[in-house]
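Novice: Residues per chain are reported as follows:
Number of protein chains: 2
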Amino acid sequence: MPASPFVPVIPAGGAGTRLWPLSRRSRPKFLLDLTGDGRSLLQSTVERLLPLADHPPIVVTGVDHEESVREQLAEVGSAHVVPEPSPRNSMPAIALAAALVEREHPEAVIGSFAADHLIGDHEAFLRAVGIARRAAEGGDLVTLGIAPTHPATGFGYIEQGAPDGADGASAELPSGAHRVVRFVEKPDRERAEEFLASGRFLWNAGMFVVRASVLLDELAVQIPSLAAGVREIAAAHGTAQHQEVLERIWPRLTSIAIDHALAEPLAADGKVVVVPADLGWDDVGDFAALARQLREHRKAAESSEGEETVPDAGDVRVLGSVRVDAVSSRATVYGATDRLIALVGLDGISIVDTEDALLVLADEQAQDLSVLVARLERHGLGHLR
Amino acid sequence: MPASPFVPVIPAGGAGTRLWPLSRRSRPKFLLDLTGDGRSLLQSTVERLLPLADHPPIVVTGVDHEESVREQLAEVGSAHVVPEPSPRNSMPAIALAAALVEREHPEAVIGSFAADHLIGDHEAFLRAVGIARRAAEGGDLVTLGIAPTHPATGFGYIEQGAPDGADGASAELPSGAHRVVRFVEKPDRERAEEFLASGRFLWNAGMFVVRASVLLDELAVQIPSLAAGVREIAAAHGTAQHQEVLERIWPRLTSIAIDHALAEPLAADGKVVVVPADLGWDDVGDFAALARQLREHRKAAESSEGEETVPDAGDVRVLGSVRVDAVSSRATVYGATDRLIALVGLDGISIVDTEDALLVLADEQAQDLSVLVARLERHGLGHLR
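Line by line, the protein sequences are chains A and B.
If you're matching positions, the first sequence starts at 1 in UniProt numbering and goes up one per residue.
If you're matching positions, the second sequence starts at 1 in UniProt numbering and goes up one per residue.
In short, the hints are calculated from the structure, not lab data.
The C-beta atom is built at its ideal place from N, Cα and C for all residues, glycine as well.
Misleading hints may appear alongside valid ones.
Chain A regions said to be covered by chain B (calculated; three or more residues, Cβ under 8 Å) [claimed, not checked]:
#1 341-348
#2 372-381
Selected chain B positions facing chain A (in silico; Cβ < 8 Å) [as the list claims (entries may be wrong)]:
#3 Asp-325
#4 Ser-328
#5 Leu-340
#6 Ala-342
#7 Val-344
#8 Ile-349
#9 Ile-351
#10 Asp-353
#11 Asp-356
#12 Ala-357
#13 Leu-358
#14 Gln-365
#15 Asp-368
#16 Leu-381
#17 Leu-384
Next up, chain A with everything else stripped away, as it sits in the complex (with noise of 0.2 Å):
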C-alpha cells in the first residue's frame, strides 16, 4: 500500500477543434457526454478518481469554463476548482495545482490526468495507479504508458528500458514499473510501425503521478521562474491579496506542457518511470475516434426489420435525442434538433446536426476538420467556434 497521501490533479483545458460543430469555445469537449451515459468526460474524470483521493481532486480550467466546471462538479461530489486567468499550456496548470497540494500536504503525491480522455477499464487503472504511487513515494516521475494497438502517428511515445534491474537501474523499481529510456514526439507512419514492432514503446497518455514536492523541486532547477511563481501564488491562496498576486505572477508564467519542461529532461536524466498499462484508453481525438468509441459501446439506432423489401439500415449509431433513419448505412449521428436525419448509402460518415452550423465529414479524413475550424474566423464565422 502506498504510504503517502494522494491528491488527483485534473487539468481541464484544450480548443478540441477536432470535435467541432460538437464541442464548441463556450462548450470544450470535457463538459460533452460523448458516450450518451448521462456524465460528461469531465465528470466521468472526477468520478474515475475519488475512490483514490484522500484530499478533494483539484480541477485547474480557465476563468470562461469555471462556472460550467463547478456546475458539473457539484453533481458528482466535492472536488477543488482552480481557475486559471488565461492559458499557459499543461505545466503551469499542474504546477500550481502541486504546489496548492504542497502547501497543505508536503508529503503528497498527485496524479495528473487529463478532463476528457476515456478510460473503459476501471479496475486496470485502479491497479496502474496503485504502482505509479508507490513508484512516486521513490521520488520519481511516473508516467502511465498505453500498450499500443496500431502505428498511430497522433500520439507522443515512451521508450521503456529493460525491466528487473536488467538495465541496472529499475532495481528499486516495484513490480510493474520501468525506468523510462525516453520521451519520442509523435512519429511518422515508419517510425511508428518500427515503435509498434519493437515492443518497447508505449503512448504518452499525458498521466503523471508524483510527489508535488519533486515536481516543484525539479521545476526549480529546469524553469526556475515557474516553480517560484506557482509557489508565490499558492503561498497567497485564500489570503486577501490572492487576486492580485495571481494577476500579477500569472501572465508571466512560462506557457509550456510538462513533457517539455519535466518529463522530457528528466527521462535523460534517468528520473522518470513508466508503468505500462491496458486501460481501454482512447482521447477521443477526432470524429473517427468517437465513432470507433460509439460503434463499440453503443447500440444501434431503430431501424425497420422484418419487411422483405427494406434493405437493412446498416450499422447507425446515434448520440443525442434526434431521429434517425438510414438505407444500407454506416454512420455515426449527433444531434438534439427535432429535425428527421435520413442517410442512404453511407459508408464511414459522420453527421453533426446543431441549429447554427451542420458538419459531414468522412471519417477516414476526421483529422483535416481543424483546416476548417481555423477557417470560420477568416470567413467571418468565429462566433461559430
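Let chain A serve as the given structure and place chain B on it in line with the hints.
Specialist: Below, chain B alone, put in the same frame as chain A:
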C-alpha cells in the same frame, strides 16, 4: 412547315419521392428551380414551348397544386390550367387536354411534354418537334426518342425500324422520322447493353406529338369509355354543368399511362413514328442525376484559395442560399437555411438541408431513397412527405 395549329400539353404531376426532402407532396419536383436559373422546371417547360404554340399551352395538374401552378405560370406567359380532381395517371390527363383542343381546334396537333424534365439543347428540340408535327399531320402517333448515352435501366426503350422506306412502311415519313417497331419497358442491365450496342433503340422520354382527333379516335378503339368520358367533360367545358360533369365522370376514367393505353398497341399496328433526337435531355430522376446536372452547369462553391496550408475545397456545388465550406470534398448541397454547412472528405455525397428534415445520401445509391420515403408514413412522419 407544318400546316396544322400546334397546342402544347403539359401534364404536371408525379410524386418525385426520389428528390425528397427537396421535393414534397406539397411542392413537387415540377414546381422547383433545380438549375438555379430562377425558373422552376414547369416554367422552363412552358417557356421552351411558347415559341411553338399557336394557342396557349394546356397544363393539366392536380387540384392541390392548381394555385401554385397558376402563380408560376403568371410569371412566364399565357397558359390554360386544367385541374384534375384526382390523379389518374397520364392517359386521362392528356386525353382531356386533347378533347379540349379538339373542341376548339379540330385540326390541331398537340404535343405532350412532362413538366419536370430538363432539355439542354433548345435548337435541337425545336427541330425535332418540327419534324414530329409534320409526321403527326399524316395521322401517326409520333414520339421523340432520346439517343441513349449509356445502358440505363431506369427508362423504357423504343425500337425504331429501318429508315427511308427500307422496311416498306416509312416511305411517306418526313426525313428524320422512323416507324416504331415496339416499345420495351425498363430492361435489366444485360438487355440495356444489348439495346445500346444495337444502335436501334432510343430512350422513351414520354414526349408525344399527335393530332388531337387521332389520339381520341384511337383511344376510342382501345378504351372506349375513356375517350367518351373526356369528350363529355370537354363538351361541358365553359358551361354551368362543367364541374358536376367533371366530378361525376373523372373518378370512373381508367387510370393508365399513355404508353400502355396507346403507344404500345398502336406500335403493334404500325401506327407509331419516332423522331430520334439528341436534346441534352434529363429527367432529373434522382439526386445522382441532379448532381450530374449541377456539376455540368453550375460553378463550384466559393472556397478558400491561395493558402498553402489549406487543402482544396474539392468540387462542391450548391443549390440555394445556404453557406457551405468544404475540405477535400466532391458533393452537392441543397439548402436555404441560415446554418453553416461544413464538409470534410466527402466523395459523391448529396446533402439536403431543410427546416424539418436533413438528407445525407451517397449519389451511387440515390435510387434507394424511395425506400426511406415510403416508410416515413409507417414511422408516423407522413407530414414530412
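Novice: All the hints need checking, so say for each whether the structure fits it.
Specialist: Here is what the structure says about each hint:
no., hint, result
1, 341-348, "holds (count 7)"
2, 372-381, "holds (count 6)"
3, Asp-325, "holds (6 Å)"
4, Ser-328, "holds (6 Å)"
5, Leu-340, "holds (5 Å)"
6, Ala-342, "holds (5 Å)"
7, Val-344, "holds (4 Å)"
8, Ile-349, "holds (7 Å)"
9, Ile-351, "holds (6 Å)"
10, Asp-353, "holds (6 Å)"
11, Asp-356, "holds (6 Å)"
12, Ala-357, "holds (5 Å)"
13, Leu-358, "holds (5 Å)"
14, Gln-365, "holds (3 Å)"
15, Asp-368, "holds (5 Å)"
16, Leu-381, "holds (6 Å)"
17, Leu-384, "holds (6 Å)"
Taken one by one, the earlier hints all hold for this structure without exception.
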